[in-house]
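Chain residues, written in single-letter form:
Protein chains: 4
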Amino acid sequence: MKNNFELDKPHDECGIYAVYSNHNSELARTLYFGLYALQHRGQDSCGIAVTNGLNISYYKNLGLVSEVFSEEAISALPEGDIAIGHVRYASSGLKNSINAQPVVYNGRLGMFAIAMNGKITNAEVLRKRLIEEGMTFQTNIDCEVIANLINKHTDNGKCDVERAMRELEGSFAIALMTSTELYAIRDRYGLRPLVLGRTEDGYYLSSESCGLDATGVELIRDINPGEVAVISAKGVSSSYFAKATRRPCIFEYVYTARADSFIDNKSVYEARYECGRTLARKLMLKADIVAGVPDSANVSARGYAVESGIPYIDVLEKNRYVGRTFIQPNQFMRENSVKIKLNPHLHNIKDKEIILIDDSIVRGTTSKKILETLKKAGAKAVHMVIASPIVKHPCYTGIDIETYDQLIGATRNAEEIGKLIGADSLHFMDVRDLIKCCSSGDYKTFCAGCFDGDYPDDIEKKLKDRREI
Amino acid sequence: MKNNFELDKPHDECGIYAVYSNHNSELARTLYFGLYALQHRGQDSCGIAVTNGLNISYYKNLGLVSEVFSEEAISALPEGDIAIGHVRYASSGLKNSINAQPVVYNGRLGMFAIAMNGKITNAEVLRKRLIEEGMTFQTNIDCEVIANLINKHTDNGKCDVERAMRELEGSFAIALMTSTELYAIRDRYGLRPLVLGRTEDGYYLSSESCGLDATGVELIRDINPGEVAVISAKGVSSSYFAKATRRPCIFEYVYTARADSFIDNKSVYEARYECGRTLARKLMLKADIVAGVPDSANVSARGYAVESGIPYIDVLEKNRYVGRTFIQPNQFMRENSVKIKLNPHLHNIKDKEIILIDDSIVRGTTSKKILETLKKAGAKAVHMVIASPIVKHPCYTGIDIETYDQLIGATRNAEEIGKLIGADSLHFMDVRDLIKCCSSGDYKTFCAGCFDGDYPDDIEKKLKDRREI
Amino acid sequence: MKNNFELDKPHDECGIYAVYSNHNSELARTLYFGLYALQHRGQDSCGIAVTNGLNISYYKNLGLVSEVFSEEAISALPEGDIAIGHVRYASSGLKNSINAQPVVYNGRLGMFAIAMNGKITNAEVLRKRLIEEGMTFQTNIDCEVIANLINKHTDNGKCDVERAMRELEGSFAIALMTSTELYAIRDRYGLRPLVLGRTEDGYYLSSESCGLDATGVELIRDINPGEVAVISAKGVSSSYFAKATRRPCIFEYVYTARADSFIDNKSVYEARYECGRTLARKLMLKADIVAGVPDSANVSARGYAVESGIPYIDVLEKNRYVGRTFIQPNQFMRENSVKIKLNPHLHNIKDKEIILIDDSIVRGTTSKKILETLKKAGAKAVHMVIASPIVKHPCYTGIDIETYDQLIGATRNAEEIGKLIGADSLHFMDVRDLIKCCSSGDYKTFCAGCFDGDYPDDIEKKLKDRREI
Amino acid sequence: MKNNFELDKPHDECGIYAVYSNHNSELARTLYFGLYALQHRGQDSCGIAVTNGLNISYYKNLGLVSEVFSEEAISALPEGDIAIGHVRYASSGLKNSINAQPVVYNGRLGMFAIAMNGKITNAEVLRKRLIEEGMTFQTNIDCEVIANLINKHTDNGKCDVERAMRELEGSFAIALMTSTELYAIRDRYGLRPLVLGRTEDGYYLSSESCGLDATGVELIRDINPGEVAVISAKGVSSSYFAKATRRPCIFEYVYTARADSFIDNKSVYEARYECGRTLARKLMLKADIVAGVPDSANVSARGYAVESGIPYIDVLEKNRYVGRTFIQPNQFMRENSVKIKLNPHLHNIKDKEIILIDDSIVRGTTSKKILETLKKAGAKAVHMVIASPIVKHPCYTGIDIETYDQLIGATRNAEEIGKLIGADSLHFMDVRDLIKCCSSGDYKTFCAGCFDGDYPDDIEKKLKDRREI
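Chains as they are written, first to last, in my numbering: chain A, 892 to 1360; chain B, 892 to 1360; chain C, 892 to 1360; chain D, 892 to 1360.
Be aware that a few hints might be false.
The list treats identical chains as one, so a pair stands whether inside a single copy or across any two.
Unchecked claim - Listed next, the in silico SDA-like pairs over lysine to any residue satisfying Cα-Cα at most 25 Å (straight line): (1) Lys1283 to Asn952; (2) Lys1241 to Asn1304; (3) Lys1173 to Asp1321; (4) Lys1271 to Ile1111; (5) Lys1267 to Asn1156; (6) Lys1310 to Val1322; (7) Lys1134 to Glu1293; (8) Lys1271 to Gln934; (9) Lys1177 to Gly1200; (10) Lys1177 to Ser1187; (11) Lys1232 to Asn1156; (12) Lys1243 to Arg1225; (13) Lys1232 to Glu1109; (14) Lys1232 to Tyr1212.
Hint data in this document are derived by calculation from the structure and do not stem from the laboratory.
This is chain A alone, in the form it adopts within the complex (with noise of 0.2 Å):
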């Protein structure tokens, strides 16, 4: 069912948006365009839920957000006070919309509903300790192992939320709502972005600035690594439950984000403008044009040009209604899968020197496709220039890059990159500048764990261990 000429790009897993307002009479209608600016970060489905402060009420469903809300769904949502989104990308499998967002619980918490984005490391541990101890798991999404922690915290209606946090392996950025209190949490190393937003009516959270901007609600700070901010009549009050060290995943600003988000105090375009211009100082190529393959080199490449001098011409141009269904392809389809997708700007290519600046390379496979394509076209040489260093190790935190055999750089350098796609020169960008590109006063440490193999908490030996255990 999946578009078979979609692109080779990691993906991310979630977004949140959350709110918690004394007079918003329109707090499913306010989720719904806060999600609407997520949706980059998951397509496959979504969900809403609502306390009116005695019962929690959701609608999720498998579909973008302008899918599964019309209308009908947006109204029979009760008003409220609080209320949590999500919207979530989905790898595989027979899609149940039980796996959607948020997921709803009654425990000793009384009602309360849960979203996040990330990976729970020792999530299969934990689960089983859990069930060792009489709870049972209707999915396997994390979501649920994070509820019956909450959970198994709790005591006469209190929940010791930062014990339960301090379990938990990974990366989460989570909304937690009860029916008169919003909780944000963010993992001890900030891995996943979390924003908190206000205005007159209340405070809001979301994965990233530009769904705080897209329902006007004014950007106050990131949630910090390892805070547990609880939102409730009372205002925002945080505690830690670890000792942090803030670490946030580097790949947000490499392709994740939207250009117009801040992660942790530090524009996404910005990064990426200056990762284009580091690039064009450090190789100092030579050709007749830069070009990025859009969208999501787009930035880089633009700063590309400004600082090499060297003018921006668009070598391929994106189809904008590409769906997500398709036919099976011809024989022409078949050979030629990328231009469905990219067409190239012939004009612009033939006998043309390209600079072609790309996000990152995982697989390899789209640009193998890419580069034969402007062949094709009659480039004389293309010389593809990536925005981040080669990607050398899988994610365990968030990205569907799982396992070394897909990376195409796993035990390959630039050189032997650059010739299995076909390019004619390609240069990877050094981790240490990508770092400086997207540092932000003090905040100047990464996971760049795909790129160096340094992740936080030694998390990659950890689960080597468990899987020899």
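Keeping the supplied structure of chain A fixed, place chains B, C and D upon it in accordance with the hints.
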């Protein structure tokens, strides 16, 4: 979203179909046809879960069997040895597919799935207690309470199913599937039906025998009240979790079940036919014609006609294409809503004295409209004969007759009801006569609580006590 | 895409409903309910066209009335004075909604719209001639031939409808709407039905009187064979385009029409009931029980039971939820496809000698499966009684019995057919008896061409001649 | 049903793709991909018609190519030698799929099908005359007028296509298919584009060259103004129905066409890029950054940036997931509707003097909202530069700029418009400069009627005269 023109009939809440087979390469397909034959027991959602001995895969959604399961969805379910399926009637609310059954759990028993028909009268008490013990719930459906009890009474991978069942009050017929076994369970009174069938290939469960017929399965016997039948590679073994007193719901014979089914060894058709004959003998009414309200009263009406010698001539024609959603009615339709579904046979009605048989009267609203229609069509007199007693009490065990004030007969006798609905005379069946008509061999006891207030296990008093605490 | 399990019944091709009203602010809504009641005449597409005196607006699509017309679609149709609607049965092919009716034209008559039921036997000849004269066609439907004839015979905004109609051979009932007038036309033999009704507000047309009943309209009379009735602000005026010989299609009484309809002043119910009684008197069969194949033979079976004194006991239960699309059958279903729709009442069948009434036999395939099912269920003997004669000839005027080789009875007598389908005995009705049962007052002549080969206007010979040229 | 947030852009009305092939076993599939690449020319309906040399089969419906054509629908179309396809933009009304193209006719020419792009300015006159001559119409689309003219001028199976074309005024690019031939026709001014391509297997037509690219077809040449090209087993032969004056619509270069297309031998990309450069040279504006309104002004903005030396930094981020239907906006959205589609890059805007490039201004409503947004985001000044002249006149030949009063520029100069929309300064392109940028070799004449009021063939005057009569 409900059809405004739905007739005033009580609704059962579920149908179950399940298979244990060693060689059925088309398990999901077989369940499809089985559930199809049970569609009259629930039209709101349906689902199928299949195990291949390791995992349980499932697909469920809102809609009719023929809407939810496309060829693609059936094919996507894996081959396997055990499968359970469910059709559901949902009473209200923003419909979320999460309430569809079967519900699949992961717990101490490994993966297991449950489909149930019935109503647990102490579900709230149990849920509260289980929450106190640390369990979480994701829905309000009774199924989840049962799953958590099953889990609670599991130790070392062995479940003391009998003990779990003993905690349940109310009515239930359950199909429970682990990765290696299929359980068939019926409450201690046998309130909800469940039959066992067999082919060369394996064992089958169905709420009614018509589900077995539709799939070529031979009916062996009913699951007994209080029985826990375990179907595994070793065949069927049985135990009892409680001293059983057979008191199946008599309303299955009156209205719920399909006429071609056998329940507790008694043909539903025969029961209804005998009701008609008994009424004819007792009432000795004079009239020109006998007619039934289609389709549910057709069989009793046939019995009445044969016994009375009065010819059966239809007075109402049913529109077979009445869908489930609807546009706003125009003026005429607002006043004549019943006509969209039931059109009077003018020619057969004019100047006739009519005996009109219906299966039951709950709210009386539809009966009133039907009688108006017949009178307008020129009927000289309409004697309404109900093939069951006055519904004087709510049902607490699965039929959605939920409160006294919904019942036209709660505080009225036949004469008073007759006046209200506009019948020239109105006659009900004596409860002893109904019981006699539904009896079979040694099976002569029923729950006729909605008629006589005599509920098994003193349900009504227990519920009242709980509310008062 | 067709349901594999559809029973072997002939299909009519259309239903018409139309209104001329001065004050009906809910014209489209009224048509909705009228068409709803005629849904049995065609389930493939439907449409409504409304004029406000200037333009004609319309909406039509593939699907049932309740599927095609949402509240939104009905509301989008304008208010107006005249409207015509249509339901259609389509025999085959890649279904394009363009074939749906009404068809709206702009021509010498200004805007006009046509909805028809029937079959023009010289359509191809006319189409060829009209093409030679310079007209174009966009579909294969007869409607378009009629529209072009209407147009051809229009001069100075006045149409000589009678002259146009005289060119048509075959069967037709037509509702034709201009911006100011509504025409009701019926072929010279009255082969297809069309009735006229009235309320205080205006005049109504319907293929069957059940459409009038459903919308609170009083039946006045049938449109006469050969009549062109013009309904305008001045009331109804009539003329005749041909010398009429009333020979309505007798199959409407046998199977097509709804039992609660009156056609040509005769109750369909009464006709069927009399068929049953007549057969009982003539055949004098002995048996334990009488049963009808549901639902179409129910009425005749009632008549047979009453007259014979043999009790009516059902032997087949119909599944009311059989949808139109379907998954591939499993092994059992391949061999027992009829069971998905009709389940045997084992208890009523075992060791019984049964008289089974059906309305007609066309191909005989379903009859064979039903008889196999009854025999497997233990019937001692099944005497099949058909409430119509042997179908020995194709229909050229609207029922889809199209060629001799589709007919089991084309070259066989009752005994031979009985053997083929596995009946212990098989009995048909004499054509004169059928005609007698369907007669009413002066109306005693029919087209029973499919039974006796005696077609009005020598249709068969004409068609043969044409083919030979 | 329209998206409230759709930006204020003119819309073309169609895209055409057609094939004549001897060996293409996947004709419908090829058309699918060709139409897919032309989807930007019309999103309301689409269709494909295929002939196998005898009949023409077709499928068309409302929706995007990827919505209308499932694998099933494509497979159901027969194999054949000739096929034509169409995508359509529909301006208003209760959408009936009957208006979708291609339209298939049966007439003197046998079966034939037509797909067109453009607008026949004398359609009403022709329709009236054809009606007087006895023809009927089923829609209001121009296509039907053309079909009837084609038919009228056919004698003995031979059509005098040239003569039929001579009767048409206005703009048109037509693909006309009989069972053996494919015609490509372009109006005498070449107002609407149509290109011819070739593979080893046959000949192809496409509204833009990007349709050929997407299907692996080599572009040969444009169909010439006034040309009737006939593609048959004998190859391509051409004739001219009128003395041609090449004046293609310049708006294709400004906005309508995809940037990677070649039209009339000129790269659309190059034309837009040159517009940007020309504006930079002429205006000599000073600012911190240059930005384009995404996506349509991106190319001109690149040209402007390169020529001016001012860095290109994005100020608006486009949400790629904006669907077509929508829920009611909340308060914030009512006031900030443009943000759902275009979010400001706060960081890039604050305290910046910005040159904002857009392709054109029609109503000005969206420009006003964008400028408000940028000002709120802290822009020091926004100089708006439009890569085309002021739209001062309606378009009568296919772009939906229909009346003077819809145009903000009809009676205002740049300064006045700038004030109205809130720009610090507003600059348009000189029409001669635009023409120069779009010129190519000998092709230096255009229709720029919407800018300069100079329409080919005196269209405006003729229309006015007609209205006055």
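For each hint, the structure was consulted:
1. Taking the closest pair of Cα atoms, Lys1283 and Asn952 never come within 25 Å of each other, the shortest separation being 36 Å inside a single copy and 41 Å across copies.
2. Proximity of Lys1241 and Asn1304 under a CA criterion of 25 Å is satisfied in neither setting, with 29 Å inside one chain copy and 41 Å between copies.
3. Proximity of Lys1173 to Asp1321 under the C-alpha cut-off of 25 Å is restricted to the intra-copy arrangement: shortest distance 10 Å within a copy versus 42 Å between copies.
4. Taking identical chains as interchangeable, the C-alpha atoms of Lys1271 and Ile1111 lie at most 25 Å apart only when they sit on different chains, with a minimum of 23 Å there against 50 Å within one chain.
5. In this homomeric assembly, Lys1267 and Asn1156 come within 25 Å of each other (Cα to Cα) only across copies, at 20 Å, whereas the closest approach inside a single copy is 43 Å.
6. In this homomeric assembly, Lys1310 and Val1322 come within 25 Å of each other (Cα to Cα) only inside a single copy, at 22 Å, whereas the closest approach across copies is 49 Å.
7. In this assembly of identical chains, the alpha carbons of Lys1134 and Glu1293 never lie at most 25 Å apart, being 28 Å within a copy and 55 Å across copies at closest.
8. Proximity of Lys1271 and Gln934 under a CA criterion of 25 Å is satisfied in neither setting, with 38 Å inside one chain copy and 37 Å between copies.
9. Taking the closest pair of Cα atoms, Lys1177 and Gly1200 come within 25 Å of each other both inside a single copy (10 Å) and across two copies (19 Å).
10. In this homomeric assembly, Lys1177 and Ser1187 come within 25 Å of each other (Cα to Cα) only inside a single copy, at 23 Å, whereas the closest approach across copies is 29 Å.
11. For the homomeric pair Lys1232 and Asn1156, the shortest alpha-carbon distance between copies (24 Å) is at most 25 Å, but the shortest distance inside one copy (34 Å) is not.
12. Proximity of Lys1243 and Arg1225 under a CA criterion of 25 Å is satisfied in neither setting, with 27 Å inside one chain copy and 47 Å between copies.
13. In the homo-oligomer, the alpha carbons of Lys1232 and Glu1109 lie at most 25 Å apart only across protomers (19 Å), although the nearest pairing inside one protomer, at 36 Å, exceeds that limit.
14. Both within a single protomer and between protomers do Lys1232 and Tyr1212 lie at most 25 Å apart by alpha-carbon distance, with minima of 9 Å and 16 Å respectively.
When held up to the earlier numbered hints, the structure conflicts with 1, 2, 7, 8 and 12 and fits the remainder.
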